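Visitor: The primary structure of each chain is shown beneath.
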Amino acid sequence: MSRLSHKNAPLLEVKNLETAFSIDGEFHNAVDGVSFSVKPKQIVGIVGESGCGKSVMSLSIMQLLPRGVGEIRSGSIVFEDVHLDRMSDKEMNKIRGREISMIFQEPMTSLNPVFTIGYQIEEVLFNHMKISKNEARLKSIALLKSVGISRPEKLVDEYPHQLSGGMRQRVMIAMAIACQPKLLIADEPTTALDVTVQAQILDLLKSIQEVNDMSIILITHDLGVIAEMCDEVIVMYAGKIVERTDVESLFYNPKHPYTELLMGAIPKMDEEAEVLSSIKGIVPSLKNMPQTGCKFAARCPKALPECSAITPLLGEVEKGHDVACILYETSLPREGVNA
Amino acid sequence: MQVNTVKETRITTKAVKGSSPWAIARRKFLKNKLAMTSLGFLVFVAIVSFLAPYITTQDIARVNIGKMSLAPSSEHWLGTDKSGRDVFTRLLYGGRISLIVGLSCTGLVIILGTIVGAIAGYFGGIIDSMLMRFTDFVLTFPFIVFVIVLNAIFGGQLNGLWILILVISFLSWGSVARIVRSKILAEKENEYILAAISIGGSPFKVIVKHLLPNVMSTIIVQATILFATMIVVESGLSYLGFGVPAEIPSWGNMLSSANEPDVLQGKPWIWIPPALAITFTILSINFIGEGLKDALNPRSRR
Chain A
1 MSRLSHKNAP LLEVKNLETA FSIDGEFHNA VDGVSFSVKP KQIVGIVGES
51 GCGKSVMSLS IMQLLPRGVG EIRSGSIVFE DVHLDRMSDK EMNKIRGREI
101 SMIFQEPMTS LNPVFTIGYQ IEEVLFNHMK ISKNEARLKS IALLKSVGIS
151 RPEKLVDEYP HQLSGGMRQR VMIAMAIACQ PKLLIADEPT TALDVTVQAQ
201 ILDLLKSIQE VNDMSIILIT HDLGVIAEMC DEVIVMYAGK IVERTDVESL
251 FYNPKHPYTE LLMGAIPKMD EEAEVLSSIK GIVPSLKNMP QTGCKFAARC
301 PKALPECSAI TPLLGEVEKG HDVACILYET SLPREGVNA
Chain B
1 MQVNTVKETR ITTKAVKGSS PWAIARRKFL KNKLAMTSLG FLVFVAIVSF
51 LAPYITTQDI ARVNIGKMSL APSSEHWLGT DKSGRDVFTR LLYGGRISLI
101 VGLSCTGLVI ILGTIVGAIA GYFGGIIDSM LMRFTDFVLT FPFIVFVIVL
151 NAIFGGQLNG LWILILVISF LSWGSVARIV RSKILAEKEN EYILAAISIG
201 GSPFKVIVKH LLPNVMSTII VQATILFATM IVVESGLSYL GFGVPAEIPS
251 WGNMLSSANE PDVLQGKPWI WIPPALAITF TILSINFIGE GLKDALNPRS
301 RR
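Line order of the protein sequences matches chains A and B. So in UniProt numbering the end of the first sequence lands on 339, straight run, no missing numbers. So in UniProt numbering the end of the second sequence lands on 302, straight run, no missing numbers.
Extracted from the complex, chain B is given alone in its bound form:
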């Protein structure tokens, strides 16, 4: 609630000042009920996940043989898994990992992709050709195989989680680079870019101050889609056993116990919570993405 009132006061001061394209987009987004509900849900998931140590006092790693595979009860809200660990606790901590992986990968991919795409699009010519051929090259890597191999090579040298993040990011920036490049190519034909150069702006300044703000809407929408994708990728890899190290709880790791028919059929409390968490998180991120796309599109008047 408090978050909401703070936001609203900021909007009113902005509206008085003049309606920047961003202010208009924000107003449109705030009116979109589905997107706002989704955002609320996502914020809730994030808060609960990151405050996990204060919400639950269970130890995530401790194996408790006496309490294996217990059904939900007042002591263990969502029961325990096959090693006797509290599912609710693991769900919260798992959300933390999934969100960290999703956010970090998205951040890295967007940064890398934007840098490569912007430079290629702005300078064109040989620089463009070289960068884009390199991008094509990276995009041809078979993703799963590479993640597995690289993870195996580098595993154990660094914290396993960060290896995974770096490897996923390094293999995924290509599509963002392509999108940013094509956007920059179109945007740089505008006369205000020529005008910006004609007042003595260096290439760096023109790219950062004039081109990127104008392609930002595309990048933002792309980022939300990526965020959802990255959570799915992490879950998928962890489910297969090639993602986050097994001792760290993540939604994907938790799901992988559903491999066993016994768990799948008879102990739904072990795998349904992470499955629902993934589904609803992805859904809400996608709704937010749609909302942003609508809000940032100057032609939509909703």
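The shape of chain A in the complex, shown without the other chains:
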């Protein structure tokens, strides 16, 4: 914390990140020039359809890309003045779990089936602290209690298959916050859970965030989750940020046609729609991604002929509200500035 020079300096700063996957020997960008920052204690939501690069970005930040298949091609990821993208695995291991933690989508498979819950939480502690076996056990019981598990003393000796999905996700959260990290990356933490459990888990994340003063990057495709949790929202499409703003203006004043369509696709209880509205088409696969122009042009109802020729830039339309769409002047390429 002392390393932060002034209060509002970002905790994490991602600049022009390009992460590519090799398909048949060719690299294709899954994350294509993404820049954003996370301030201390901020909850940043990243939203988008399947396949738009949300998860790849989180794996890039954690340096967990599959070896030999995915790699960061350019850009930088700076966490508290250190370049994560330049770190060796060994240095990164000191940060993973300690400074930055991650929770995954599938609580059913993210715990190792052959070890007890307690053993797995203790492992995080042993990885990063000098701590005795007994202290670690007491600490893991306390952690389980803090994530709202009612009989932690018993649960530490149980195995993952004895727990429900919601309980497992709580255990995952306990593991993630064990060392009080400054940043938590939650990759669709509630997608695999049913709705009531979802709400509980989100409440839990929020209260932990407040108590521990941590920042959260919340990756989801559920706008309801975004509305409930986030301060700032990033909308991604096909590896690019198409809109970035605070949560209020995203819901009341969406600017990008894609965001508008996403909003329209939220089912509403008070309308008697026979057919739920959806966005036509799918995100193009990495191999078929258009190289120039707006990647959403082919599915966009407001598309102009120029859309497939001009690559829109992320420009500030209103204060604190950035959009990448050539319907707005700020997105037109400027002289001397290159994306």
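Among these hints, one or two may not hold up.
To be verified - Here are the simulated DSSO-like cross-link-like pairs (lysine-lysine), alpha carbons at most 27 Å apart as the crow flies:
#, chain 1, residue 1, chain 2, residue 2
1, A, K145, A, K90
2, B, K205, A, K90
3, A, K90, B, K209
4, A, K133, B, K209
5, B, K33, A, K145
Quick caveat, the hints were computed from the structure, so don't treat them as lab data. Computed from a predicted model, the values in this text were never measured in an experiment.
Chain A is already provided as a structure; the job is to place chain B on it using the hints.
Guide: Chain B in isolation, oriented as in the chain A frame:
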């Protein structure tokens, strides 16, 4: 009997604590009568073999010309062989050698194969390619020829038995490496492996603490099969005269005297005991292997 009661008390304490995958497997295995009988037989063979010096007082090596090829009697329970050595004594000591060779080879092969397979499977890419090509290379060696040649080269420099064990092991780890690698490849895709890395676990830790326990069931089953195979390999090589040095009794060495038609037809007490010993030991190991496979398979509910 005593062994049994100790085991059972341990199980009850474990069951109270919570049913780990291992505890469930153990319970299933204990219910499997065939496997338990086989295990009992194998333990009996092992005890009798390793306590041989206390059971029989005959000298295994002493040639006694006056007592050549005697039929079974009260003095020599299973008779004597062509050099006048007590067959029963040699059978016990032979079991010792066969079991030592089988166990040591299995141990070495499993260790080597697991290390190579785990590293190749976990790291992938160029490391995987290089290790697996090396594995393929070793697997192409003609086994018998190599054992014979290497044994001949190194023979006399070390205790002959250990040469044989090292040579067999070095030539046999390939298949285990392949199996472990494929298992690790599948297992490492699970999210808990990503989770283990995301909490700051080093590759070594992730492999040893997270991946290996999850492929352990495969390794264990593989080990039992290997154990049986290795006993057969040892017997086969010794029968041919290329295995354990002739002065050390082993079941294979004892069988090789059945080469002579005279022994084969007229003196069955010389070759039938080792033959039966091999057969029943292999059978019981295979039954144990089957039992373990059933017990460790989460889908089987027997």
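Visitor: Are the hints correct? Go through all of them and say.
Guide: Quick rundown of the hints versus the structure:
A hinted pair counts as satisfied when its Cα atoms are at most 27 Å apart, and K145/A with K90/A does not qualify at roughly 32 Å. For the proposed pair K205/B and K90/A, the alpha carbon gap of about 12 Å is at most 27 Å, so the pair holds. A C-alpha spacing of about 18 Å is found between K90/A and K209/B, which places the hinted pair at or below 27 Å, so the restraint holds. Between K133/A and K209/B the alpha-carbon distance is near 17 Å, which keeps this suggested pair within the 27 Å criterion.
In summary, the hint linking K33/B to K145/A is not supported, as the alpha carbons are separated by about 44 Å, beyond the 27 Å threshold.
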